[in-house]
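*Asks:* Going down the list, the protein sequences come from chains A, B and C. Counting from 1, position 35 in the first sequence corresponds to residue 389 in the working numbering; the numbering is continuous, with no gaps. Counting from 1, position 77 in the second sequence corresponds to residue 86 in the working numbering; the numbering is continuous, with no gaps. Counting from 1, position 71 in the third sequence corresponds to residue 868 in the working numbering; the numbering is continuous, with no gaps.
One or more of the hints may lead you astray.
[Stated by the list, open to error] If the Cβ cut is set under 10 angstroms, some of the chain C residues that face chain A in the computed set are:
1) M803
2) A805
3) F817
4) L837
5) G840
6) D876
[What the hints assert, rightly or not] Here are the simulated lysine to any residue pairs, SDA-like style, with alpha carbons at most 25 angstroms apart:
7) B:K121 - A:L431
8) B:K121 - A:R380
9) A:K384 - C:G845
10) B:K121 - C:G845
11) B:K121 - C:L815
12) A:K420 - C:V875
13) C:K877 - A:S438
14) B:K121 - A:K420
15) A:K420 - C:K877
16) A:K420 - C:R880
17) C:K877 - A:V372
[Unchecked claim] Pulled a few chain B residues facing chain A out of the computed Cβ check, cut under 8 angstroms:
18) F14
19) E17
20) F21
21) T124
22) A128
23) R132
Derived from the structure by calculation, the hints contain no laboratory data. Quick caveat, the model's predicted, so the values are computed rather than measured. C-beta atoms are modelled at their ideal positions from N, C-alpha and C, and glycine is treated no differently.
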Amino acid sequence: MPGGVYLLCAATCLLCAVLLFRGYARTSVKLLFWSGLCFAGLMVDNIMLYIDIIVVPDFSLIIWRKAPGLVAILLLLFGLVWDSK
Amino acid sequence: MSGDFPAELKEFIAQHVESLAQLEALLIMRQDPRRAWASAELSQQLYITSDMCEGILAGLARQGFIERVEDVAAYRYHPPPHFARLIDELATVYQQRRVAVITEIYSKPVNKVQTFADAFRLRRED
Amino acid sequence: MEDFIMGAITMASAVVALFFLRFWRDTGDRLFGMFALSFLLLGITRLGLALSHDTAEGHTMWYWVRFAAFLLILIAIVDKNRR
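Produce the entire structure from the sequences given, and follow the hints as far as they go.
*Replies:* Structure representation (structure tokens):
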């Protein structure tokens with residue numbers, strides 16, 4: 355069950371990323387591009403969580419795992435500050 | 010001549026008019042408020058696809074300018090009074106100064122925040 | 798280092814949530830309200846994990862909070878397409 359939940363979270367992020375990139379292709383609004391990158395990063399975050407906890411439970415990837423989450427959210431923040439007006 | 014456009018109409022266009030096809034649809038339906046239009050019929054008047062027309066009608070209904078007539082799966086012109094007045098005014102201006110209105114529609118800045126929300130709509134509506 | 802990263806993510810998530818909150822106010826689109834709540838929950842998850850020093854994210858209640866956050870985004874998208 356927990357593994358499935360991580361994968362569902364990852365799938366949700368993938369869906370968001372695809373929709374946002376599609377929107378970016380249509381409108382050329384940069385905000386959508388940064389947001390799309392954020393969700394792509396969150397997807398990686400979720401997949402790594404899945405690998406860390408389900409696939410290789412004995413071996414903690416914690417530090418490596420935190421980086422995508424941080425980068426993802428900072429990218430979104432940048433997009434919001436830079437291009438939401 | 011587009012500079013001395015009534016401010017109210019400018020505001021209305023900025024907030025509610027997304028495309029020329031949408032405005033044309035609204036004005037056609039306004040000509041006879043009793044008539045209910047199916048997407049297929051209206052799309053022929055506008056020379057656009059029925060799918061595109063369906064999206065426009067759904068958008069207009071969401072804004073409350075037209076209402077859905079359930080039993081015939083069509084829409085009828087039915088704006089609240091304050092919008093009805095503005096749309097009447099816009100119809101007059103559109104007749105007299107068509108180019109000015111079209112310029113106004115397409116020169117408004119893109120609302121980036123709204124494009125974010127609209128990106129999550131799976132079907133196109135424009 | 799770990800706590801620092803967690804703290805940074807928490808802060809950034811909170812700011813993102815505030816942005817979405819403002820978009821919600823400006824556009825009246827529920828999608829933004831749900832996104833705001835979702836990012837707030839994601840931020841809280843990191844804070845909770847950092848404070849509890851529990852690295853096994855798989856076994857705590859935070860796991861469910863995280864799940865709720867992503868579920869909320871999914872619901873927001875479905876809701877947007879049903880309107």
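*Asks:* State for each hint whether it applies.
*Replies:* Hint-by-hint comparison with the structure:
no.	hint	result
1	M803	holds, 7 angstroms
2	A805	holds, 6 angstroms
3	F817	holds, 9 angstroms
4	L837	violated, 12 angstroms
5	G840	holds, 9 angstroms
6	D876	violated, 14 angstroms
7	B:K121 - A:L431	holds, 15 angstroms
8	B:K121 - A:R380	holds, 12 angstroms
9	A:K384 - C:G845	violated, 33 angstroms
10	B:K121 - C:G845	violated, 33 angstroms
11	B:K121 - C:L815	holds, 17 angstroms
12	A:K420 - C:V875	violated, 29 angstroms
13	C:K877 - A:S438	holds, 20 angstroms
14	B:K121 - A:K420	violated, 30 angstroms
15	A:K420 - C:K877	violated, 31 angstroms
16	A:K420 - C:R880	violated, 36 angstroms
17	C:K877 - A:V372	holds, 16 angstroms
18	F14	violated, 24 angstroms
19	E17	violated, 24 angstroms
20	F21	violated, 22 angstroms
21	T124	holds, 5 angstroms
22	A128	holds, 3 angstroms
23	R132	violated, 12 angstroms
Hint compliance for this structure: hints 4, 6, 9, 10, 12, 14, 15, 16, 18, 19, 20, 23 are not met, and every other hint is.
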